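Novice: Residue numbers (this note's numbering), protein chains in the order written: chain A, 1 to 479; chain G, 1001 to 1367.
A hint or two may mislead.
To be verified - When the alpha-carbon atoms are kept at most 20 Å apart in a straight line, the in silico SDA-like pairs for lysine to any residue are as follows: (1) A:Lys55 x G:Gly1354; (2) A:Lys464 x G:Lys1105; (3) G:Lys1302 x A:Tyr215; (4) A:Lys245 x G:Glu1073; (5) A:Lys229 x A:Tyr283; (6) A:Lys71 x A:Thr33; (7) A:Lys245 x G:Lys1105.
What the hints assert, rightly or not - Just so you have them, the derived chain A footprint on chain G, three or more residues with Cβ under 8 Å: (8) 1138 to 1147; (9) 1277 to 1283; (10) 1298 to 1307; (11) 1310 to 1317; (12) 1325 to 1334.
None of these hints come from the bench; they were simulated from the model. Keep in mind it's a predicted model, so treat the numbers as computed, not measured. Even glycine gets a Cβ: it sits at the ideal position worked out from N, Cα and C.
Given next are the chains, with one letter for each unit.
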Amino acid sequence: MEEKEKKDIFETVWKFFASVKLAIFLLIILALTSIIGTIVEQQAEPSKNIALLAKFFGDAFAPTVYNIFAKLGFMDMYGSWWFVSFLVLFSINLVVCSLDRFPKTLRLVKTPLRPLSENGIKSMPVKKELTIKTSLNTARDEFFNALTASGYRVYEASGNGSIQLYTQKGRFARLFVYVVHLSIILIFLGALIGIRFGFKGYLNLPEGRASTVAYLSPDKTIPLGFTIKCNWYDTQYYKGTDTPKEFQSELVIIDDGREVLKKVIEVNDPLTYNGITFYQSNYGMMENAAGYFILNISSGSGQENTLRLKYGDSFEIPGTGIKGTISDFSTALTRDRNTGALTTYSEMMVNPAVAIDFDIPGEKKFKGWILRRYPETGILPGGNSVKFVDFWGVEYTGLQVAKDPGVWLIYLASILMSIGLYICFFISHKKIWIQITNDRDHARITVGGSSNRNRLAFENDIEKILSRASKAIEERSKK
Amino acid sequence: MSSPVFFDISAGAYIAAMIIYIAYLVVKNKTVGIVATAITVFGFFSQSTAFLIRWINSFYFWTASHPTSGIIESTLRAAPLRNLYESLIFFVWSLILIHLIIEFKYKTRSLGAFVTPIAAAALLFIDVSGTSKEIQPLIPALQSNWLLFHVLLSFLGYAAFGVSFGAAAAYIVVTTESRNEKTYIFWSIIIGVFLTVLIGMGIDYVSLSTTQRAELIQNYFLKATLRSSSGGIAAISWIGSIAFVFIIWRFGYGLKKVLTGLSLTPDILDDITYKSIAMGFPLFTIGGLIMGAIWANSAWGKYWTWDPKETWSLITWFVYALYLHARFVGGWRGKRVAILAVIGFVAVIFTYLGVNLVLSGLHAYGS
Ligand code: HEM
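Chain G extracted, bound-state conformation (with noise of 0.2 Å):
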């Protein structure tokens, strides 16, 4: 079989898995939570292997046109990591992997509702971006070790993140005691937003047929609703959408008495951000800040220019740090730095993809 079939008995097995978390939620019956955690594993099994493939073709690819090139260059030029389509596809991976390991670490199967949805946007959006699926050859500025490990370490990074996200939501919502709370109107809107974005992608890519998807090359995100080239569908969708922002935010507090009675106590939900934070600040650090300039200095001689893609690095880079400062000497606590932790995650979702599709930089990925 070809790397796209895993790839989409992968993607398929992580969106029937975030269901069947989301279920689990709701019915807490420990066959559904097993079952959950198993087609989880078998979507990352199978992702795996369509990684694997996937670098194997990329190889032949690479030393095609490069045949004086060594097995060690070949191996590193071929690793998946390039463009647009292949860093998302790892952020997926690295996802449900660090997702596996704390669910494992920390005996806790909700938390999957938390965080698989993540994983699915991410992989709607690869379908509606309209970013090539084709191993393409690697234009000379990328053709760099510093660069891969620069991606491969933000996007572990990132991943971390994710998570961190997926628990301080989860924490917000759990400890917020009533409708009349701030927080609540904070979690119900974020949420509503997430969800609104989800749905619109997922009407994107039915709106699509399968030909249309195969040749897409422009970026169709949204396309079908919000950002519709018609006048009218565009407002009906505005409208829907706050109207369905509403709605979460009038009848959403029914997620808390969801929430309670389940493994996922805040103290826990508090030490996951934490953990999840403290393993992806370093990596972003190293691999996103600090490998990022020294690529950018072999490639032009410049390891900082801030352009709007490195500022936006620069910003989350700021808000970890502002979380860690705030929680361990500034004395904040529990909600509070749980909505600095989403923050930071709105950030990281800015850096990679808002910076591409709303402003425009040095290394933007495609065009």
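Next up, chain A with everything else stripped away, as it sits in the complex (with noise of 0.2 Å):
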């Protein structure tokens, strides 16, 4: 008794995890729910919901219903736990009905193909039949070999005056709905492995230093294991604009005391080392950073040099007699279109410039500004000129540091999707049956096919097969 009992709840369940319906309920609950978090701004400061609530509910009720939707978890919704849970049940319920099914398809496409009685074909959902003046065995031979030139594998029965000839291609891509639904499953569980066993973190890497740990949060590090050293940090710009070419960054692993890898990383290429990637996310300026200025001299000779130079140092041209101090500089020097002064319009380095007060003998003293951009500014008399490589040692990269052992199995996954959407929608189940009779002199045939999808190509297929068998008949009774 109560092993029944017990067998007929968990029929019960099963049956209630396996149904269709649902999916459908969950489906439309997924796709209506996740549209809060896609108004309801996540994870950001309180008073930015507050101020957009307000604008539907007046400034009045907003903190209200702001403490309202928190209560809800409208505010992290995506990992609240009514999302995730919704979440979990619809994998369940995704498990349960293909294991519910997978069975039964299975035996579907494994069990052999028979032949059918001559109503059974007259009742499939394509169906032809014409009688042509032929031989049984012609005719069997030439609808054989349509058959086969079309890819099918024939199969052959014979009856007293007749023969059946019945085929089926693309049973397998039956199959390829449940390599869908798996590759959802795995997606979850590669995003599991990543939650559990990965981080997202972060890293403000000054030039010229070094870090052994990356950030979670301001207060919060995660060791790598491993020192990581930003030997520059460099914006370019498309030529003459603000717009920006590449944000790059020379970056250097340092493990077990030695340099094991250096890489210059761009946006759409990061580091990898030992799971962890780095990748060029943003940058910005330290305050209060004494930097150097790297200044490339050459003189008219052909001698080159390149120095690094802090503020009020000064250099000489080799040769020359020609002397420089640094005096100024400017993140991004721009002449005031009013007032022709010259201003910075950027605190961020966009068009670097350097002032330097120049004493050349035999000229009066002047203080001329070099842009790193226009490598021309930087050309003095007599064919020396000075340029300006780099103000190095002020800037820092910020980079997005992650470790995810789980993407494989979402990369795993996404090819498992395509390939099984690809063959689940392109490519259908076929089965044809062709009963041929002697009718005296003539033959009579009948045709009788299914498709699981795309009845329109298989109607076609099929005259072809047609129009392509009586032909080569017709062309041996001919000879």
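Work from the hints to combine the two standalone chains into their complex.
Specialist: Encoded structure:
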């Protein structure tokens, strides 16, 4: 008795989770609730969402509504207990439903096709009948050839005065729905692995500095297990514009005291070491940093030299007597359109320029601005020049630091899903039966077929096979 | 001739074709139908030419700033699928392509009256949304092959969904037997709102002078009417729009009578709806969701962040998954699934435009 009751309960639960009605319900719920999180800004400062809510509910009610929404988890919705529960239900539904149906489909796919009675053939969704003046065997041969030419593997059964050809194609395509469903489960698993065993952090690394940790939040670090150092950070711009062309940093990995890896990373081209990946994400200026001006000086006689100077330092171009002293710097130099005065238009190093007080023998002392973007600004009389290479040590590179041991599973699932969807939608399971009956000096042909999708294309297929066979028979009778 | 000239020719051709396709529904004269198709084909070739010219121009634009970039890389980076303007143009191109294939395969012209208005709406939107038509330098985040294929396949998918929207809307119109049915309210309002927006953008377009249009860098979408800065105009526009939708509801039933007696049977419409979703779903899944996620992962190390654009893609995906399951295993038939196909495309529009216009997100274009 108890045994039976247990079984009944199990069956009821199983049926509930195997039902497509539940799937439809869950898809609707997931679609509708997901909308909330696109309107309410997620994981944002309360003030932002209160301001948003005030537009709908008025200033007086906004804080109350905010509190209710926050209690319901709307402010971090996709991680809230109820949304996650719907996702879990959805996965159970998908697994149970697939398990419930898979054995039946597999049996269907595995059972060999059987010949049908003539009436059975005539009750197929696609059917054709025709009579050709030819012998039973000729008709059999030509229909056999026509089917083979269309890629069917043909089976044969014969009765008295009749032959039946029957065949099917694409039956395995029926299984690929399950590949699609499996891939969805694998994506959930991959995401779980990533959440459980990986992390998403960031690291703002100044030029020339190194770190052994990444940050999960301003006061929470996570050890990397090695040292990462930033040699330099640089923004390149499209010529003559302030549109960035590339954000680049040169990173070095130091493990066990040895330099093991060095790479210039860009957006879309990160660096990975020991399963931890560093992505170029942003950049910025450090406060109160004393940087070095990297100048490339060359004299008219062809001597070249790279210098590393601090603010106020002086240098001399060898053999020329030209002296220079670094006296000013601008992150983004421009000339004001109205007043004509030089000003700085951005705190970022968009158009860096260094001012140098020059003392050239036989000339008056003067102050010259050399712009990095425009090397021609550094040309001096007599073929001498000063090139402003970089102001190094004042910028930091903003890195996203991620470890995601689940991502390979996501990629695998993506491939499975792509293949599964493609086969599922574009390959159909087609079955054809052709009964050929001897009718005095004629052959009576009855064709029946079915296809689980794309009926129109299937009908064309059958037309093609019929006309091909009829033509071949005609050719033969002419000989 | 330059690329914009060919684009303008194709835009004109599509809008002319829309009018003639609609006329064809009414007069049911074969010659009219052939003219509509011919003009569409002409527009399509003109647009393809424009597309190629733009591709070649942006190839030179790219190699000018990236002299060391190889031929294949330059060709990929130059593909004109990089901003709102180019992607909408590509959407229209794909929509017309799929429409022409269906017209050829199903030997039916009437669907044109439902598909060309979608193209016209997209074209008008381009002109009033203030999207830049210049070839622009590619910012670092967009320099990725994944992004290119992501946009390419998503938009083919969106175009297939667009066709399914047209077919499903026609299906609902044809199968609604009386003005008292709920589906009548549904289709008359959907078509009413669609036409209102179309006319609204038409007014935007006319109210902008040619020079204004050339220099336009702001969004002018419905600014001449519903979103006018003058409260009076906005109020009148809203009242007018509501009245217009009401009129469509009151007198729109005639559309059904116009549609009967054509080669468009409900069965064919249902088949076209399903086929285009069957085509769009894998494209959108692979191109939109999967490649988008791969691109995000290669650029930021996060394949999914639940930002509004991603979430709306997922919502769209849920709606179409719902369509497939309701129809194939849930036993839903007829108007119920057709309504899902219509809602699916509304979600597509919101994913693509609504998120940028109404919400703002991580990878919103422009700004
Ligand atoms: C969003 C997630 C899902 C996706 C992308 C998906 C995908 C698919 C696809 C592409 C098909 C083939 C449809 C066709 O033949 O046109 C299918 C069939 C099916 N799906 Fe899903 N599915 C999802 C969720 C579910 C869930 C939760 C269930 C649970 C009840 C389910 C049950 C089924 C069943 C029973 C079939 C028919 C299988 C057959 O032909 O034997 N699906 N699914």
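Novice: Decide, hint by hint, whether the structure agrees.
Specialist: Hints versus structure:
Only pairs whose Cα atoms come within 20 Å are accepted, and Lys55 of chain A paired with Gly1354 of chain G is accepted, the gap being roughly 19 Å. With a C-alpha separation of about 16 Å, the suggested pair Lys464 of chain A and Lys1105 of chain G falls inside the 20 Å cut-off, and the hint holds. Proximity of Lys1302 of chain G to Tyr215 of chain A is assessed by CA-CA distance (about 16 Å); at most 20 Å being required, the pair is judged to hold. A threshold of 20 Å between alpha carbons decides the hint, and for Lys245 of chain A with Glu1073 of chain G the separation of about 15 Å falls inside it, so the pair holds.
With a CA separation close to 15 Å, the supplied pair Lys229 of chain A and Tyr283 of chain A stays within the 20 Å bound. Note on Lys71 of chain A and Thr33 of chain A: the hinted pairing holds, with a Cα-Cα distance of about 16 Å set against a maximum of 20 Å. Between Lys245 of chain A and Lys1105 of chain G the CA atoms are separated by roughly 46 Å; this puts the pair beyond 20 Å, and the hint is violated. Restraint check on the segment 1138 to 1147 of chain G versus chain A: 5 residues with Cβ-Cβ distances below 8 Å, three needed, restraint holds.
Counting residues of the segment 1277 to 1283 of chain G whose beta-carbon sits less than 8 Å from any beta-carbon of chain A gives 4, enough to reach three: the coverage restraint holds. Counting residues of the segment 1298 to 1307 of chain G whose CB falls under 8 Å from any CB of chain A gives 8; the rule of at least 3 is met. Only residues whose beta carbon comes within less than 8 Å of a beta carbon in chain A count, and the segment 1310 to 1317 of chain G has 4; three or more means the coverage holds. For the segment 1325 to 1334 of chain G, the proposed coverage by chain A is satisfied: 4 residues have a C-beta within less than 8 Å of a C-beta in that chain, meeting the threshold of three.
When held up to the earlier numbered hints, the structure conflicts with hint 7 and nothing else.
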